[in-house]
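K.L.:
Chain by chain, the residues run as shown.
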Amino acid sequence: MTGTAADRSIATPSQTVGPFFEVWLRSHHALGVLAGPETRGERLRLRVVVVDGDGAVVPDCLIEIYQADHDGEYGRESFSGFGRLPTGADGACEFETIRPGAVRSAAGIVQAPHVNVCLFARGLLRHLYTRVYFPDDPHLDADPILALVPPDRKHTLIAAPVGEGASVPRTFERVIRLQGDDETVFFDL
Amino acid sequence: MSISRPAEAGSQPPLSYPAYRSNITRAPSRPLIRVPANFTDLAAPVYGYLPIGAGDTDLTRQHDGDPLGERIVVSGRVADEDGRPVTNTLVEVWQCNAAGRYRHALDDHPAPLDPNFSGAGRTVTDAEGRYRFVTIKPGAYPWRNHPNAWRPAHIHFSLFGSSLRSRLVTQMYFPNDPLFAYDPILQSIPDPRARERLVSAFDLDLTQPEWALGYRFDIVLRGRHSTPFEQRT
Ligand SMILES: [Fe+3]
Numbered sequence: 001m002t003g004t005a006a007d008r009s010i011a012t013p014s015q016t017v018g019p020f021f022e023v024w025l026r027s028h029h030a031l032g033v034l035a036g037p038e039t040r041g042e043r044l045r046l047r048v049v050v051v052d053g054d055g056a057v058v059p060d061c062l063i064e065i066y067q068a069d070h071d072g073e074y075g076r077e078s079f080s081g082f083g084r085l086p087t088g089a090d091g092a093c094e095f096e097t098i099r100p101g102a103v104r105s106a107a108g109i110v111q112a113p114h115v116n117v118c119l120f121a122r123g124l125l126r127h128l129y130t131r132v133y134f135p136d137d138p139h140l141d142a143d144p145i146l147a148l149v150p151p152d153r154k155h156t157l158i159a160a161p162v163g164e165g166a167s168v169p170r171t172f173e174r175v176i177r178l179q180g181d182d183e184t185v186f187f188d189l
Numbered sequence: 001m002s003i004s005r006p007a008e009a010g011s012q013p014p015l016s017y018p019a020y021r022s023n024i025t026r027a028p029s030r031p032l033i034r035v036p037a038n039f040t041d042l043a044a045p046v047y048g049y050l051p052i053g054a055g056d057t058d059l060t061r062q063h064d065g066d067p068l069g070e071r072i073v074v075s076g077r078v079a080d081e082d083g084r085p086v087t088n089t090l091v092e093v094w095q096c097n098a099a100g101r102y103r104h105a106l107d108d109h110p111a112p113l114d115p116n117f118s119g120a121g122r123t124v125t126d127a128e129g130r131y132r133f134v135t136i137k138p139g140a141y142p143w144r145n146h147p148n149a150w151r152p153a154h155i156h157f158s159l160f161g162s163s164l165r166s167r168l169v170t171q172m173y174f175p176n177d178p179l180f181a182y183d184p185i186l187q188s189i190p191d192p193r194a195r196e197r198l199v200s201a202f203d204l205d206l207t208q209p210e211w212a213l214g215y216r217f218d219i220v221l222r223g224r225h226s227t228p229f230e231q232r233t
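Residue numbers (the numbering used here), protein chains in the order written: chain A, 1 to 189; chain B, 1 to 233.
These are computed hints drawn from the structure, not numbers from a lab.
Treat the hints with caution; some may be incorrect.
Here chain B is said to cover these stretches of chain A; the calculated rule only asks that three of the stretch's residues, wherever they fall, bring their Cβ under 8 Å from a Cβ of chain B [unchecked claim]:
(1) 39-49
(2) 135-142
Okay, the calculated beta carbon distance ranges per label pair [what the hints assert, rightly or not]:
(3) B:Leu68 / A:Arg104: 53 to 63 Å
(4) A:Asp152 / B:Ser16: 21 to 31 Å
(5) A:Glu96 / B:Ala127: 43 to 53 Å
(6) B:Ile33 / A:Gly55: 40 to 50 Å
(7) A:Glu164 / B:Asn88: 40 to 50 Å
(8) B:Ile33 / A:Val162: 18 to 28 Å
(9) B:Arg193 / A:Val168: 30 to 40 Å
(10) B:Ala54 / A:Pro169: 38 to 48 Å
(11) B:Arg30 / A:Ala142: 41 to 51 Å
(12) A:Pro161 / B:Phe202: 37 to 47 Å
Built from N, CA and C at the ideal position, the CB exists for glycine as well.
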């Protein structure tokens, strides 16, 4: 029997975003600037670069980010925390945002400041979830999600500062390696 | 909050599916790291709730003239895994024109562009989780995955739902397309019943007399975890 209620309770299958999603983004859906003049917190640029299993940059990714505000709160009216950009010919995109605060869950567990990343691309039948953490953050060692990651792979989740520390805003780069020896850690939510 | 179950076996495509050639160098080879339930219930981003204009839901009214092709109504209900409506969530669509050509610099299929069709729309679900678009039926188009490869006609859908884990990008197909059996993107979903969920149904009630055929496409999004899971930690 088909079309039963039980059937309908199973989530709809994912399919690839394909190569032509810019048809959809072009009008009014790309969003690279998260921080406005009123936004509190340390301004920074977050550059995301995507590399495939052959070491080639991936020019047709869609990167969505979602992060907490300066106080570690999500989805406040003053700061949506959401960004969405396609990667360019160099496999990269760059968001203008702020450094998020540490996030405290309802159970009181503290997560180190991080940016959630959702990655879509031609060739991927399902999107991938990963995170960007910031180097030298005092909360990194106690982060409950990083604690799940094998020690030799943790570095794949931590952004690297680009250029001189004195430049403002600072730029952090996170290279996402889809496949291969130094493959980025992806999460199952 | 709905209780999200692990994905039913075979109901989602695998990460690695080499018959889809561009998957070969892009699919992660290491297993995903499972995040405990109490860290996954982050509410979804609130985004795109700009006023929806008439042209956003009627893709045939975005230009001065009418696009060529078969005008259709596409409508359905967005629910979570417990059957509860997902209200006020952004639904975005994009597609090629009736001749099978996308308005995109990299689409070199030698089929005509339609000056009256851009191929992108968006809306927000209503209090019952329903959405509705008017568009034209997209054409099939060739791609270079394998010799003589053609995509069945489809409309791309993007939805947010209630949490980060309910994010969905998928494709809606049309009933009885002879290309289904040859399409690795659809066939990547192991369970044939799950593939069926991506095929819209012709619907006479949605069909507008002397104007447009109606197709129904219902969508189920993953839900949030429930509190009993949190008590385990
Ligand atoms: Fe397509």
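K.L.:
So, for every hint listed, does it hold in this structure?
P.N.:
Hint check:
Evaluation of the coverage hint for the stretch 39-49 of chain A: breached, as 0 residues show C-beta separations to chain B shorter than 8 Å, against a requirement of three. Coverage of the stretch 135-142 of chain A by chain B is violated [criterion: at least 3 residues with CB-CB distance below 8 Å; count 0]. Taken as a hint, the range 53 to 63 Å holds for the pair leucine 68 (chain B) and arginine 104 (chain A), whose Cβ atoms sit roughly 56 Å apart. Against the hinted window of 21 to 31 Å, the Cβ-Cβ separation of aspartate 152 (chain A) and serine 16 (chain B) comes to about 22 Å, which satisfies the hint.
With their beta carbons about 36 Å apart, glutamate 96 (chain A) and alanine 127 (chain B) fall outside the hinted range of 43 to 53 Å. Roughly 23 Å separates the CB atoms of isoleucine 33 (chain B) and glycine 55 (chain A), a value that falls outside the hinted 40 to 50 Å. About 45 Å separates the C-beta atoms of glutamate 164 (chain A) and asparagine 88 (chain B), a value consistent with the hinted range of 40 to 50 Å. Checked against the hint of 18 to 28 Å, the pair isoleucine 33 (chain B) and valine 162 (chain A) passes, with Cβ atoms roughly 27 Å apart.
Checked against the given bound of 30 to 40 Å, the beta carbons of arginine 193 (chain B) and valine 168 (chain A), roughly 55 Å apart, lie outside it. Here the CB-CB span from alanine 54 (chain B) to proline 169 (chain A) is close to 40 Å, well matched to the stated 38 to 48 Å. Evaluation of the 41 to 51 Å hint for arginine 30 (chain B) and alanine 142 (chain A) yields a failure: the beta carbon distance comes to about 25 Å. For proline 161 (chain A) paired with phenylalanine 202 (chain B), a C-beta distance near 56 Å fails the hint of 37 to 47 Å.
Hint violations for this structure: numbers 1, 2, 5, 6, 9, 11, 12, all remaining hints satisfied.
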